[in-house]
Amino acid sequence: MTSLLHLEQVTHFYGSVCALRDVDLTIEPGAIGLVGQNGAGKSTMIQILLGLIRPSQGNATVLGHNVRSAGIRLRGRVGYMPERAATVSGLTGIEYVALAGELCGMPRRQAMRRAHETLSYLGMEDARYRRLDEFSVGMIQRMKLAATLVHDPDLLMLDEPTAGLDPDGRAAMLALLKTLAARPGKSLILSSHLLGDIERVCSFAIILNQGQVVTAGHLEELRAERQRCYQLQWDGEATGFLAALRKRGVEVQVDGDHARAIVPDDWNTRTFFVEAQEHAVLLTGLEPEEEDLEAVYHRVIKSPGANAAIA
Amino acid sequence: MSLESIRYRDWSGRLRPSWFACWPIARTGLLLVLRRKLFWILLGLALFNFLFLFAMIYLKFQFVSQRPGMARFIDGILSAATGTGETYRDFMSAQASVTMLLLAFAGAMLVGDDMRQGGLTFYLSRRVGRWHYVVGKLLSIGLLVSLTTTIPALILFVQYGYLTDSTDYFSENLGILRGILGYGLVLSITLSLLLFAMASWLQKTVPLVMSWAFVFLMLPALAELLRSAFDDRHWRLMALWHDIRLMGTWCFGGIDTNRELQLLPPAVVIVLLVCVFSLIAIIPRVRAVRVVQ
Chain W
371 MTSLLHLEQV
381 THFYGSVCAL
391 RDVDLTIEPG
401 AIGLVGQNGA
411 GKSTMIQILL
421 GLIRPSQGNA
431 TVLGHNVRSA
441 GIRLRGRVGY
451 MPERAATVSG
461 LTGIEYVALA
471 GELCGMPRRQ
481 AMRRAHETLS
491 YLGMEDARYR
501 RLDEFSVGMI
511 QRMKLAATLV
521 HDPDLLMLDE
531 PTAGLDPDGR
541 AAMLALLKTL
551 AARPGKSLIL
561 SSHLLGDIER
571 VCSFAIILNQ
581 GQVVTAGHLE
591 ELRAERQRCY
601 QLQWDGEATG
611 FLAALRKRGV
621 EVQVDGDHAR
631 AIVPDDWNTR
641 TFFVEAQEHA
651 VLLTGLEPEE
661 EDLEAVYHRV
671 IKSPGANAAI
681 A
Chain F
504 MSLESIRYRD
514 WSGRLRPSWF
524 ACWPIARTGL
534 LLVLRRKLFW
544 ILLGLALFNF
554 LFLFAMIYLK
564 FQFVSQRPGM
574 ARFIDGILSA
584 ATGTGETYRD
594 FMSAQASVTM
604 LLLAFAGAML
614 VGDDMRQGGL
624 TFYLSRRVGR
634 WHYVVGKLLS
644 IGLLVSLTTT
654 IPALILFVQY
664 GYLTDSTDYF
674 SENLGILRGI
684 LGYGLVLSIT
694 LSLLLFAMAS
704 WLQKTVPLVM
714 SWAFVFLMLP
724 ALAELLRSAF
734 DDRHWRLMAL
744 WHDIRLMGTW
754 CFGGIDTNRE
764 LQLLPPAVVI
774 VLLVCVFSLI
784 AIIPRVRAVR
794 VVQ
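Which chain is which? The protein sequence lines are W and F, in order. Just so you know, my numbering puts 562 at position 192 of the first sequence, and the rest follows in order with no gaps. Just so you know, my numbering puts 546 at position 43 of the second sequence, and the rest follows in order with no gaps.
Next up, chain W with everything else stripped away, as it sits in the complex (with noise of 0.2 angstroms):
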């Protein structure tokens, strides 16, 4: 099977500023989560691979084509969603979604037709002869969403597709690209600030952090690498126990009569009920911590080795 994304050794400057630098990547089709702060060159990644932009050195090729010598055609295989709001004003909603269509290269008619298909399967039959000027931005995003898809693209790019929605219409965007992400043969790249999005969608992440790639894996996999945490709770007078545990190597971060405790590679768990036991301390909660992506982010950006990396 062919990859979705391989990039070797890609490098991208702006003038003398490094944007991208030595991103070597292979990945799988799938949901694929794009992660890190501003400036930390997402979008120049996003724009290689859109074909808009010619990487300065190394190579990347998105569903088999060379993004140097495919450009404007690997759009007709791809569906990117722009934030901002894009919108041709004036048109209708059929108009606008069929209009990018035949941008995409589709004959008049069969852009059309699956304009209408399209805004049908998203929910928006009712919208399509309305004025895009009217619209909310919630409809305005499934719009975008539906010009998007219209061309039925094997890789959709979507850039923060849930900004300026309302809880409601965030929950029913994520359950849409999480439905669209679980097609056959089907990809998706999201990029978004808000990490709890990704998590939902997507099943591998991608995180950046000044122009590099800190770290790209599998979701679960991620969170295998996280640190072990246990969230400990008492009864009792502590001040031992909790001194016998940091002799373990445990580091403790207590908070009144909780406390958070990250332990060692090596470590058993029953060795806290043998020391709260030997301390006479009744410990009534031990429950491990569950690493959101939110957590790995933190925890991959502010390891020494992700700085080593970008050194």
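The following residues of chain W were derived to be distant from chain F, with all beta-carbon distances above 10 angstroms:
no., residue
1, S373
2, C388
3, G409
4, N436
5, R500
6, E504
7, H563
8, E569
9, Q580
10, E607
11, D636
12, A646
13, P658
Only part of the chain F face toward chain W is listed, based on derived beta-carbon distances under 10 angstroms:
no., residue
14, R510
15, Y511
16, R517
17, L518
18, R519
19, W526
20, P527
21, R538
22, G632
It should be emphasised that the hints constitute simulated quantities derived from the structure, not laboratory data. Ideal Cβ placement from N, Cα and C applies to all residues, glycine included.
Go by the hints and put chain F onto chain W.
Relative to the frame of chain W, chain F by itself:
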């Protein structure tokens, strides 16, 4: 219907080459103009002028056989119905004046809004390059100009020839046909490039209308003032409208005086310079738009 009740359907088909995208861009621009009532008023003015001349030519030919005196009367009061090159040049100039007004108001919608409201981002995020967009928009403005100038003039030419009851009119007046197409092309290319350039920088209707008025009203007035003050016809070259018209006259083969012929080369140079500078002004504006924020 909702997401649960409709399954996503794949689409498979052959995609057309990217250059085909210029047409939907041009068509959409025309559609947006034709959708506004204000523009219909201006188009109505142009249509009225066309229908008036159309009717006059028809009546003239009716009277030629039935009441020759009346036909001469029409010729007398309406010099524009003589079927010569001047007829069509003057008609196209009059139509172009209305078109200029239309373009002044439509420029912001055709180009400015794309820059301000993200329309350009929409176009460029599809299988469309920046040049496809530029060509599509120029085509859109050019078509608007042609719809009000060249096409009505061609219809009048065909009508005139048809009413003469022989094909001689067409064969003897091929120069007029060349003139209509040439003048139409000069008008379309110059106005579309200039409007695109100005609208891409000014973007909003009010500054665009003011600048347009400066180029096509103030400058000619100033040129005329300077001409009479210094008694030098060259000052007229400042008026772009005059230069375009001079080129139009040349297309119709109507330049027969030495004085006009002297002004033609600088007029051509000025029109060409306006076109080149407009194109140079367009490129950075279109390049400045970032598809990915």
